[in-house]
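Q: Sequence order for the protein chains is Z and D. Its first residue numbered -6, the first sequence is counted upward by one per residue in the working numbering. Its first residue numbered 87, the second sequence is counted upward by one per residue in the working numbering.
Source of the hints: derived by calculation from the structure; they are not laboratory data. All of these numbers come straight from a predicted model, not from anything done at the bench. No residue lacks a Cβ here, since even glycine has one placed at the ideal position from N, Cα and C. Keep in mind that a hint or two might mislead.
[Stated by the list, open to error] Computed from the model, here is a short list of chain Z residues facing chain D with C-beta under 7 Å:
hint : residue
1    : T80
2    : H81
3    : G83
4    : V86
5    : M101
6    : F105
7    : V122
[As the list claims (entries may be wrong)] Straight-line alpha carbon distances no greater than 25 Å define the calculated SDA-like cross-link-like pairs of lysine to any residue that follow:
hint : chain 1 : residue 1 : chain 2 : residue 2
8    : D       : K391      : D       : T331
9    : Z       : K109      : D       : R276
10   : Z       : K66       : Z       : L28
11   : Z       : K53       : Z       : Y15
12   : Z       : K66       : Z       : K102
13   : D       : K266      : Z       : I32
14   : Z       : K109      : D       : P443
15   : D       : K350      : Z       : N77
16   : Z       : K66       : D       : G197
17   : D       : K200      : Z       : I111
18   : D       : K266      : Z       : E36
19   : D       : K266      : Z       : D31
20   : Z       : K(-2)     : Z       : P67
21   : D       : K161      : D       : P250
22   : Z       : K19       : Z       : S64
23   : D       : K423      : Z       : R123
24   : D       : K217      : D       : T331
25   : Z       : K11       : D       : S280
26   : Z       : K109      : D       : K423
27   : D       : K432      : Z       : V86
28   : Z       : K102      : D       : A354
29   : D       : K161      : D       : N243
30   : D       : K423      : Z       : E76
[To be verified] One side of the interface only, derived from the structure: several residues of chain Z facing chain D at Cβ under 10 Å:
hint : residue
31   : Y15
32   : R16
33   : R78
34   : E114
35   : K118
36   : P121
37   : R123
Read off the chains here:
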Amino acid sequence: MDSTKRIVLTFPREQVNKPIVYRLIKDFDLVFNILDADITPEEEGLMTLEVSGKQDLINKGLAFLKENSVSVKPLKTEIRWEENRCTHCGACVTICPAGAITIDRATMKVSFDKEKCISCELCVKPCPVRAFEVIL
Amino acid sequence: MAKQLRTYEEINEKIKKGQAVVVSADELIDLVEKEGAEKAAQKVDVVTTATFGPMCSSGVFLNVGHTKPKIKIQKATLNGVSAYAGLAAVDLYLGATEIPEDDPANKVYPGEFKYGGGHVIEDLLKGKDIKFEASGYGTDCYPRKKVSSLLNIKDLNEAFLFNPRNAYQNYNVGVNLSDKTIYTYMGVLRPNLSNANYCSAGQLSPLLKDPYFRTIGIGTRIFLGGGTGYVAWNGTQHSPCPPRTEKGVPKRGGGTLSLIGDLKQMSADWIKGASFMGYGVSMYVGIGIPIPVLDEDILRWAAVKDSEILAPVVDYSEAYPAAKPDVIGEVSYAELKSGKIKVRGKEIAAASLSSYPKALEISQILKSWIQKGRFTLGKPVENLPGESSGIKFKPLNERPFKNGDK
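Using the sequences and the accompanying hints, generate a full structural model.
A: Shown next, in the form of C-alpha cells:
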C-alpha cells in the first residue's frame, strides 16, 4: 500500500554536498515533492519533503537517511502569528520561502496565510519581537 | 532664508484654542502635490513626523528607593540582567542591550538572545514584578550588603528613559557579499548579495524632514514611547556634515538625538524588547516629533518623499565590521519599500526592521494630541550642532600602552 509522509530533514554540514535525497528515488523507489529547502554549501541544510511510496520502503528510506546522520522529524508543527506582538516591520517577509508571509505595499502591513505555511520555522528567530510561535 | 510665516508662540496659541492645522508628514506630501508648497505653507501650522525602530543606544534610569538599613549598591540585576550602579546609592541605569549574566550569547552560534535590558523595560511597562538583586561592600552610612526583592514600576521613585542615541537621520541598507550567512543587528543577511535589510521610516522619519535641524533642537517636546518626552542633546555619533542630495537630504547616517522622558507615562505598545539572532538584544522605541511650519523652506523639507531620499548600501560581511567607509550603492526609500532593489545590477529582496505602519500610527497620535490641545510645541533652547560646526564622527585613535607607562 502506498502512503504519504511530510518530513523535515536537517543535513549536517559534512553531508550537504552529497546527493543523499537522490538515493531515495533510486534505491527506495520513493516519489517526493520538495516543500522547502534551504541548503548552502559548507553550512547546515534544511529540507521539508512530502514523500510517497510503499510504506516499508518509506521506512527503509528514512532509516537510510538517519544512517547518514540526517535528522528526520515529522512535519507536525504549526506556526502561530501573534498579531498583537507583531510590529509590522517586515523583516520576516524575505525569509519565508513559502510565500505565507506577505506585505501589502500600500499600507506596509504584514499578513500571514496559515494555509501556505509549511512550518519550516525559518521566520521564528529572525523576528525581532518573536511574533511567531511554534506550536507542537 | 524664506519669509517667516508664524512663530512658536502663535502656533501654541492656535493649539490651545483647538485651531491649529496639523498634518502628518505623509499627508503633507499629498497636500503639496495637490496644492503646491506655497499654499500648503500658508495653510499648515504643524507637521508630525515619526519613527518606530530598534534603537540600541537606549536605557532607563531607575531609583529603587532606600532599603532599611541602607545599602550603597555596587552591583545589581533586574530579572538577571545587570544594571549599572556606579551612581548614588540606589540609582541604577539599565541599558537596552544588556544580556543576562548567564546568557550563552554566541557560544551556540547564532545565539538566540531571547531576553535582555529592552525586555526588562517592556516588562516594567506591562506592570510585571521584576526580580531585583543587589549587593554592596558596606560602609558606615550604608551598612547593608545584600538585598533581593520584587520590584514594580509603580513602586519606583523615578523611572525615566534616557537614550543617548535615537532617531538616526538616515541609515545603512545592510547586505552580505560573502559566501556565508551572517547574523547582524541588521537582521539575517544571506550570502552572495541575496537580500537587503533597511531601518528607517524614510519620508516619515523626524530628522529626514528637518535636514538642517531648523526646528528640532534641545528642549523640543516629543512623543516618546507613548508619553511626552524631550530632546535632551544631540545624540552620540551626531554627524551633521554628511553628503546630501540636491534638496539637502542627508545620504548617510547624519544627525542623531538624545532623548529623555518619563517611563511611567509610556506603554509597552511603543517600547518593545527586541532579539537579533547572533547579535544580541535591543529595544524598539516609538518616537514622534512635531515640526512647526515657521516658513516655506521648513515645509518644503518636511514634504520630501521616499523617492527623493537615498540610503547607502553597505556590506556587513566586510566593510562594516572592518570600519571601511565603502558604500556599494545608493537606493531610494521608494525602491526599498517596493520590496525589491537593484544592487550591482542584481535584483534582490529588501525588508525593513523599522515599522512604517507603527510610525504612521505615531504620527497620527501626535497629530490628535496637538489638535486636542493637550500637546504644545517646545521651542528649542539651543540648536543642535549643524553643518557650520564642522563636527566629524571620529574613529578611536588607538594608542597602545605598556603596563608601567606613566
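Q: Give a verdict on every hint.
A: Verification of the hints:
The interface hint given for Z:T80 holds, since its Cβ lies 4 Å from the closest Cβ of chain D, which is under the 7 Å cut-off. Taking 7 Å as the C-beta contact cut-off toward chain D, the hint placing Z:H81 at the interface holds, the least distance being around 4 Å. The beta carbon of Z:G83 comes within 5 Å of a beta carbon in chain D, closer than 7 Å, and the hint placing it at the interface holds. Interface hint at Z:V86: satisfied, since its Cβ lies 5 Å from the closest Cβ of chain D, which is below the 7 Å cut-off.
Among the interface hints, the one on Z:M101 holds; its C-beta lies about 4 Å from the nearest C-beta in chain D, closer than the 7 Å criterion. Because the beta carbon of Z:F105 sits about 15 Å from the nearest beta carbon in chain D, more than 7 Å, this interface hint is broken. The beta carbon of Z:V122 comes within 5 Å of a beta carbon in chain D, closer than 7 Å, and the hint placing it at the interface holds. At most 25 Å may separate the alpha-carbon atoms for a hinted pair to count; D:K391 and D:T331 meet this at roughly 13 Å.
Between the alpha carbons of Z:K109 and D:R276 the distance comes to roughly 23 Å, so the proposed pair stays at or under 25 Å and holds. The hinted pair formed by Z:K66 and Z:L28 meets the criterion: a straight-line CA distance of about 14 Å does not exceed 25 Å. Simply put, Z:K53 and Z:Y15 have alpha-carbon atoms about 14 Å apart, close enough for the 25 Å limit, and the pair holds. Of the supplied pair hints, the one linking Z:K66 and Z:K102 is violated, its CA atoms being roughly 33 Å apart against a limit of 25 Å.
Between D:K266 and Z:I32, the direct Cα distance comes to roughly 11 Å. Compliance with the 25 Å bound is thereby established for this hinted pair. Of the supplied pair hints, the one linking Z:K109 and D:P443 holds, its CA atoms being roughly 24 Å apart against a limit of 25 Å. Proximity of D:K350 to Z:N77 is assessed by CA-CA distance (about 22 Å); at most 25 Å being required, the pair is judged to hold. Under the criterion of a C-alpha separation no larger than 25 Å, the hint pairing Z:K66 with D:G197 is consistent with the structure, at around 23 Å.
A threshold of 25 Å between alpha carbons decides the hint, and for D:K200 with Z:I111 the separation of about 24 Å falls inside it, so the pair holds. Proposed proximity of D:K266 and Z:E36 is supported: the alpha carbons are some 8 Å apart, at most 25 Å. Of the supplied pair hints, the one linking D:K266 and Z:D31 holds, its CA atoms being roughly 13 Å apart against a limit of 25 Å. As the CA atoms of Z:K(-2) and Z:P67 are separated by approximately 8 Å, the hinted pair is consistent with the 25 Å bound.
In summary, the hint linking D:K161 to D:P250 is supported, as the alpha carbons are separated by about 22 Å, within the 25 Å threshold. For a cut-off of 25 Å, the pair hint linking Z:K19 to Z:S64 stands: about 20 Å separates their Cα positions. For the hint pairing D:K423 with Z:R123, the CA-to-CA distance comes to about 22 Å; that is within 25 Å, so the pair holds. Straight-line distance between C-alpha atoms of D:K217 and D:T331 comes to about 50 Å, which puts the hinted pair past the 25 Å bound.
Simply put, Z:K11 and D:S280 have alpha-carbon atoms about 24 Å apart, close enough for the 25 Å limit, and the pair holds. Distance check on the hinted pair: Z:K109 and D:K423 sit about 23 Å apart at the alpha-carbon level, within 25 Å; holds. Taking the CA atoms of D:K432 and Z:V86, the gap is about 19 Å. The hint holds against a cut of 25 Å. A hinted pair counts as satisfied when its Cα atoms are at most 25 Å apart, and Z:K102 with D:A354 qualifies at roughly 20 Å.
For a cut-off of 25 Å, the pair hint linking D:K161 to D:N243 stands: about 19 Å separates their Cα positions. Note on D:K423 and Z:E76: the hinted pairing holds, with a Cα-Cα distance of about 21 Å set against a maximum of 25 Å. Proximity of Z:Y15 to chain D is violated relative to the hint, the smallest CB-CB distance being about 24 Å (cut-off 10 Å). Violation of the interface hint for Z:R16 is found here, the shortest Cβ-Cβ separation to chain D being roughly 27 Å, above the 10 Å cut-off.
Contact between Z:R78 and chain D, as hinted, is supported at the beta carbon level, the nearest pair being about 8 Å apart and thus within 10 Å. For Z:E114, the shortest C-beta to C-beta distance to chain D is roughly 12 Å, which exceeds 10 Å, and the interface hint is violated. Because the beta carbon of Z:K118 sits about 5 Å from the nearest beta carbon in chain D, less than 10 Å, this interface hint is met. At about 4 Å, the closest approach between the beta carbon of Z:P121 and any beta carbon in chain D falls short of 10 Å, and the interface hint on this residue holds.
Proximity of Z:R123 to chain D holds as hinted, the smallest CB-CB distance being about 6 Å (cut-off 10 Å).
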